[in-house]
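Chain residues, written in single-letter form:
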Amino acid sequence: MKDKLFKDVLPRVSKPARYTGGEVNMIKKDWNQSSIKMVFAFPDIYEIGMSHLGGKILYGLINEQSNHLMERTFAPWPDMEQIMRAEKIPLYSLESFSPVKNFDVIGFSLQYEMSITNILNMLDLAGIPVWAKNRDDSWPLIIAGGPVVFNPEPFADFFDAFLIGDAEDMLLEFLDFLANNKHLSRQERLIQLAEIEGVYVPALYSVEYNEDETFKSLKPRFKGVKLEVRKRLVKDLDKVYFPEKPVLPYIDIIHDRAVLEVMRGCQRGCRFCHAGIVYRPVRERSIDTLKKQADMQVKNSGYEEISLASLSTLDYSGVKTLVTELVEEYEKKGVGVSLPSLRVDAFSIEVANEVQKVRKTTLTLAPEAGTQRLRNIINKNVSEEQLFNAVEAAFKSGWLSIKLYFMFGLPGETTADLDGIIELLKKVKSIGDQNAPRTVEVRASLACFVPKAHTPFQWQAQNSIEELELKRKHLFEQKKKRIVLKFHDSRTSYLEGVLARGDRRLSPAIYLAWQKGCKFDGWSEYFCFERWMEALEQCNINPDFYTRRLRAYNERFPWDFINTGVTKEYLQRENERAVKEIITPDCRQNGCTGCGVCTAFDLDLNIKEENHRALKS
Amino acid sequence: MRLRVEYRVGPELRFLGNLDMMRLMQRSLRRASIPFALSQGFNPHIKLSMGTVLPVGLWGEKEYFDIELAEDIGIKDFVERMNDVFPPPVLINECNEILNDEPALMKIINAASYKFFVRKSSLDLDLWKDEFTAKDSLVIRSRGKKKDRDKDLRPGIFKVTVQKFHNFDIMEIWSSTGMPLNVRYDELLETMVLTGLDKKNIIDVFRSGNYIKEGLKYFTPMKR
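Chains as they are written, first to last, in my numbering: chain A, 1 to 617; chain B, 1 to 224.
I should point out that these hints are in silico values taken from the structure, not numbers from a laboratory. For clarity, every value in this text was computed on a predicted model and none was experimentally measured. By construction, the Cβ of each residue, glycine as well, lies at the ideal position given by its N, Cα and C atoms. There's no promise every hint is true.
[Said to hold, decoys possible] Now the stretches of chain A that chain B is said to cover, found in silico as 3 or more residues with beta-carbon under 8 Å: (1) 20-27; (2) 290-304; (3) 488-502.
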């Protein structure tokens, strides 16, 4: 197969190096000597999948620290897919060019709701039945993990199991179990796998709904099957595996650099933020560990850039020391340090100045909303003064271009809040023009707010497409010259909203949408809204039921059985505070806010570098 | 210290673009802890200059780059350290120290040779070669910078040889690169197809060499 690919197939496709494997630091283990064979499947193209940190961690962990093997596969671009289908080439892995159906486990990474159609497409390209119920003992187990599986229900009928939470804490246990129980039938294996904490086997439950169509219950179909699934988490990032020999892509990918995960979780408590809840609590890595990892990664990769990654890197307790020491160490070797996003304050600019001693590209800040009132509602703890100070400091120290992230369609939003975005942009522009040597460029990216499961806004209604479009028009009319506004697509966001708070009844519509040709739904050139709407209609599903409805506090949600450690009471309290426009300060600075996660996991915030300690909840 | 390096790019890496190959070299230099020189300025970069671009889809037996080092190291040491960290398809064949004022590869390389593995068919390659080389002009639409202009490749095609084997033939074509006439590989292939060679019968192609052509003599950049 490899020979045919190189000689005949790949010369005919765009970016053939996506499909060749063979990169530096790729690990190809002996197939016959390995116990369980798993393929890590990313439902988007190579350039995106290879940029994903979680995949790198699991790939290294399984291949370096167990007798199992893990290979990789990605979604082929439609030109490649067409040839694969025409010439009967099944989806294959990049290490051994094995058809993915020959593996024991196929693990999908669900980073984005809309990638589900690509998953069905990849299963189909692999020759594997897409419905879990149609797969007997002879088929691989199809599993998924990632942020989206904190509400796995819309996808439940396609998967055999979901791994909820930090997979490096549980995947080895999962694979070891399979290795030791090869004699069991699929059904028996799944029942026993479901005993592992964090593993959810959807087929073991049946779902009931109320007469008003709302969710009623999820009941175990077998005795002994657990009632709730608690996420897994790594307690100490200093004691857990982290890859020091990252696979080095030949082609230019989205994030092509050494990555240091300085911490996991974020405690800022923005009320719209999914990751901010499901990845609680904050767990930091020590500077010593991070510097050692930087050293090994740079040595083994030759990367020219080290990126400090996390949900909010500027909140890392040792950020300034770490940045200063990394810059000092690597500057002379021509290796740069980068920060993915900045907090909106002057301290951030100070740290960023350390990093960008030389080249000042675009500065990215996220005020998220245009007025103080709305920022209080969403609990984005940024004042106008902080923002303007940050912007002034940035322009004074040489930046000429700034990008600001906002959301629109937020709960409680009025025209004044939209006008506030424009006012804010104008002010930023004028601060720039006063403080920078030449006219500055101000760009704003506007995302449509999508309420997500497990967040304080899970009860809120999402704006309709029409409302969002009116708001977009309004913003455009107010816009001034030399301010660039870029909007997310309201129709994609609408469907994302359907899936984000959806239930099992959506699976026939997902299947039908894929049958109608939906794939690469996150790519505007492939996204087809009409096909999705047709599919929903043909399955008698009213998508507004999932997005437009203000939910009552006594309503049960299909995702309530997934225990993130954060209590529903806390989420409700936060939603009520939003209505009253009251902020809830960061628990790192102002003491425990009682979200429940530390108690649930018998942990404390894991702050490594300074004596910031919050009271235990 | 400045080094000139001749290396091989195996068929597995035939799909890499020029920027991909440069990145591969830069990262290999870092992994091998080579004391490379960095340029001054806001965005320091390794002083690495590649020879003529290897077209996507081809592999190469003798490709070249020059690298400037900040301190002297042994040539043998350099080659060993680089070959240790390269992915298997890349290997240094040869390496020489060159003078600091030696002109860049891009300026001096003016010819290249390509080897085609051609499946046996009703077309006799010797006859085809004779007809091909007997033509006064080989005009195609340019695919390079001056797009869609007519371009005569004939003055840039220097030599064609054919070797016959049991199952296939190997044809080697020497043509000009760079100034004044750049015969692109895709243009060369187009003229071959236009003169009767079936693309499907080409089993494999690689660039067999890059040269400094002086009169009728071809020197490799390593031995001038």
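Now for the hints, and whether the structure bears them out:
no., hint, in the structure
1, 20-27, "holds (count 4)"
2, 290-304, "holds (count 7)"
3, 488-502, "violated (count 0)"
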